[in-house]
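J.: Residue numbers (full-length UniProt numbering), protein chains in the order written: chain A, 1 to 278; chain B, 1 to 407.
Mixed in with the good hints, there may be bad ones.
Derived DSSO-like pairs: lysine-lysine, alpha-carbon spacing no greater than 30 Å straight-line [said to hold, decoys possible]:
no., chain 1, residue 1, chain 2, residue 2
1, A, K81, A, K202
2, A, K162, B, K40
3, B, K166, B, K115
4, A, K146, A, K162
5, A, K80, B, K60
6, A, K162, B, K46
7, A, K120, A, K14
8, A, K162, B, K115
9, A, K146, A, K14
10, B, K60, B, K40
11, B, K46, B, K60
12, B, K175, A, K81
13, B, K175, B, K115
14, A, K74, A, K146
15, B, K175, A, K74
16, A, K202, A, K13
17, A, K202, B, K166
18, B, K60, B, K166
19, A, K13, A, K81
20, A, K81, A, K120
21, B, K115, B, K46
Sample of chain B residues lacking proximity to chain A, with all beta carbon distances greater than 12 Å (derived) [said to hold, decoys possible]:
no., residue
22, V27
23, K115
24, Q171
25, R186
26, P259
27, R285
28, E300
29, D301
30, P317
31, R403
32, A404
33, Q407
Keep in mind the hints are simulated off the structure, nothing from the lab.
Glycine included, every Cβ here is placed at the ideal spot set by N, Cα and C.
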Amino acid sequence: MTSRMDARFAQLKKEGRSAFVTFVMSGDPDPETSLAIVKALPQAGADIIEIGMPFTDPMADGPSIQAAGLRALKAGMTLKKTLQLVRGFRESDAVTPIVLMGYYNPIYIYGVDRFLEDAKAAGVDGLIIVDLPPEEDIELCIPALKAGLNFIRLATPTTDDKRLPAVLANTSGFVYYVSITGITGAAAADSSAVGAAVARIKRHTALPVCVGFGIRTPETARAIAANADGAVVGTALVDALRASLDTEGRATPKTVSAVADLAAALAQGVRGAQQAAE
Amino acid sequence: MTTARPNSFRSGPDDRGHFGIFGGRFVAETLMPLILDLEKAYAEAKADPAFHAEMNGYLKHYVGRPSPLYFAERLTEHLGGAKIYFKREELNHTGSHKVNNVLGQIMVARRMGKKRIIAETGAGQHGVATATLCARFGLDCVVYMGAVDVERQQPNVIRMEMLGAKVVPVQSGAKTLKDAMNEALRDWVTNVHDTFYCIGTVAGPHPYPMMVRDFQSVIGSETRTQMQEAEGRLPDSLIACIGGGSNAMGLFHPFLDDPAIEIYGVEAAGHGLTQLHAASIAGGRPGVLHGNRTYLLMDEDGQIEEAHSISAGLDYPGIGPEHSWLHDVGRVNYLSATDEEALAAFQLLSRLEGIIPALEPAHAIAKVMELAPKKPRDHLMVVNLSGRGDKDVPQVGDILRGRAKAQ
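Chain B with its partners taken away, still in its complex shape (with noise of 0.2 Å):
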């Protein structure tokens, strides 16, 4: 399904929250009022010298921003090819990009008089981060995650509850993220009166995909100034993870319209596309699911299949329907990577450069351990470093060591 290339890639969504034909508002009519009071209060707000004073303030001196762009040497010079760059989301309060959004939204949800927050997680870093500010700005705080991932991701549960958050297990499908989404959205429709539903990726009913969008796209502007500085001159090529795909649309929207750069998007390849895998555009198509149309798992009756990655914040069925479009409309490459891969990528980062990265952009830097070496040595690469791998340590020593034993 290809369609005509526009002008600009920067445009979308449409007025009715459309990029081509993904996108929308597939929701419940309980939900309709919000949506609509939420997108004019967005649009105030966006207009509104204050809010983004406000914002810039809290960006600086409490996420920590602007991230580093850091030269990676020593991994460039084991590829032997491009010249990369590491953006380090990771290094944010609360240890990933996730933060950039949440603040975002918190500040609307203030605007709008809303004293409940509820989000939902997966790795339990967009939990994390919205615990975080709902504690810094006194707001009640309820994180829905599958219990699969309460398993999983121990420590941001523990750290969630330190915060503040009331962490709800949910025991409906595969206990995963896209079953955490569905409760979320099932308490959203029963306490719409006081309630702010946080999301935290690119997807879901218009406004979100835009809203959480621009609030991530401070980590493409940054990537523009701080390329300049450091080389003179914008990247050549862009590389980020994607499971809803937030971080990589904040680092990616700032360059579509620079045609020249090239934009890699990479999905979890679990077990591989034939098996088990996350990979929404790889091994999907386009669907209605959690408000939005968009690349989706499932099987021919359409319902929707169950997600896998070893990276409990990849293991979604689906994709933010912008992704789908600049995927359809041929101006990103999506590129998918396995568990096996990310745990590689994972290793080789830790011991190269000393920083230990999530699981989720170990799936990033496994592509970029193939892209890079058939790169020449002035080609400039970013790599978005979503998040750090503290959430990880547990289950990555768990499975080394079980194979160290096994061996």
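Extracted from the complex, chain A is given alone in its bound form (with noise of 0.2 Å):
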């Protein structure tokens, strides 16, 4: 069986373009918005979705991440709701890959097994789990890829060549490539230099290659996927979704329309990207 990640890149491989990834924050604002939020994003253009499992102490990211986060938690959101939240989401939609991305330490008390089930069950793709380096490959890589699971480790300026190998051996489903030494949110990548990290990446593996961190525009993702398989956006998102907000920090009408709409410009911003490169 094709998984869906596999099917979703070889649609765009036929189709000849990059794929556009979106990061939205589970339970942010709270959990009936993010469902809507989730639902409205692959047809605002969206390939893969990834999920963020809020955590208290998220240190890779920048303020408007945790501060999603921080919001989901509050509204109630846990790593078993986020779950319901995919099976929620799979209800109408059977293709869209999703990625849940996010910290160990959630997962870890949930039970690695337990979770692994419980996340395929849901319709889960692959995860991301920030904080586990390949030095800590049988905590939970290992395990999701016998279940099944991709495993999609994050590729970053100071994984050097040497290094690679290690990084990518149990990878599957895609590279992520970390644009910038730095957190999440932080000043946009130079598309030059991510071209020739990505053609370096790509001499080590058949995996697709996407970027992410840093980019913000339509402009700037045209830029990255013109020389990526796939660019990944979210503090952008994550802070059209905070300026919807009303003043105590709660969805308005305008809530799921402004991730949407930025999703649709982006979306645009990186189908441009293969047509101007061809």
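Starting from two chains that each stand alone, build the complex the way the hints lay out.
T.: Below, the structure written as structure tokens:
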């Protein structure tokens, strides 16, 4: 059986374009609005959806995503409810790959085996766990691969050629290249440096390489997507969501469309990339 | 959770940085190459006699080591049991044990060619030690400190600034030590090319828990020699307070393989173990945060809970991974003392011995007050007096004056 992820990248290859990957925080600003946003994303042009699992101490994330996680936690979000959200999404979408992104502790406390079973059953396709480097693969990566879930590894500018094989060894689905050394939401990456880095990674793997961190505008998305198999946008979407909230931090009638409209504009940027490149 | 007791309690961690199930390297990929570089640089330094010779020179002439082992005669008489000795780490330059570790790490950082040092601090003792050694060696220094701690530890903030460090108040979370550590990790991820993260306790990703323990073990090694000189034998019990647990690890480690010696670590019980506290072992369970697996305070969903202690230095929801392991294998007894007990011990020690302790070791003194009277008069007890109370004088003064007015 071909996985949703592999099928999606095969389809994109046929269409001759890069993937637009969106990140939103599960349960931000509340579980219902969050589900509505996730449901709106494929329509807006998202090819792959990353869903953040809120955590109190997201040490590789910037202030925007940290605040989103805390809003979600305040609204009562839990890992179990994040899996419910994925189940809710799957009721109307059987093809868009869903990747859960977050930190290890909530999964460790949930119980690794139970989590993998429940995530698979809910319709999750892959995991990105920021604080699990290859040195800790036996914790979750290997069990996830056995359970049939992609384990998507981050590669960074500090990951040199000597280390890349270790990083790529158990990676599947795609490789997530972090375009800067820094936290999410920091300065935009230089697209030519990113292009060189993507080419370097591709010498070591046949997997698609998607690039994230620092992409905020359709123009940057287009420039990055021209040199990569996908562009990931998170902070800009989270900021659009925040800007739509009322003074108490609650969703307004504009919240879902604020995220979806920006996603649509970014998707156009990514789609424009290949036409421009051809 | 009890595992078989090993032949040696001193051989950890294993090659992957684990003490039993604890420890490890749970960090973002950006940091991994640097952590592996650090592991290599530290292994080389450890094997280099020139490194130790230089370090010993600074320990003697700059830090002021060995610190005295002092017989607390009046406290001993007052409690009427064990013979109580203080390991006087508060007499070190900068006023606490923190300087031992910072000196070691700064020397490793210099070997690695790093010019910029970052640190996190709770009470400010680690920040002051880091700012001091950065001044001494001409390195840039940035210290992250929770905004709440910046308020309650003003004397140390002023000290760090005088020493040329930049103190960054952290506004996220509870604005205490945990949040300062998150912020320091963010800085490190961003500036990994030229920055060395000087961690203040026996926690964080491997090799930090091991490296900090090694640098702090000078406390226990000196205690062995000094107690032999004073009493002709080793002590019968050791007590130290625990936040992350570096002063405790430093005192305990050289004695772990002496089975007859009782060892006690004292966590901060804050308002009490059923209320707000910072006792990770007594009130937490194993989880993963800040680069290692260890006992943590958290809710049923694995979200980290805020710790509380009257002492900013103990106000952390975790503990060093080696302590977690020593607890699980049953080698060290972990107790806890409340804010009130620490305050009472703070006052008792000041009045009886003319030593104003920091609020951190006041937690250890509080348990000495309980344990010592139950021991025979020939029982030799060593308490690690990890820091002096100068930084806490304004805070404790406010509390005591407030109470006097209320009466």
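J.: Hints the structure violates: just list their numbers, smallest first.
T.: Hint check: 1, 5, 14, 17, 19, 22, 24, 25, 27, 28, 29 and 30 fail, others pass.
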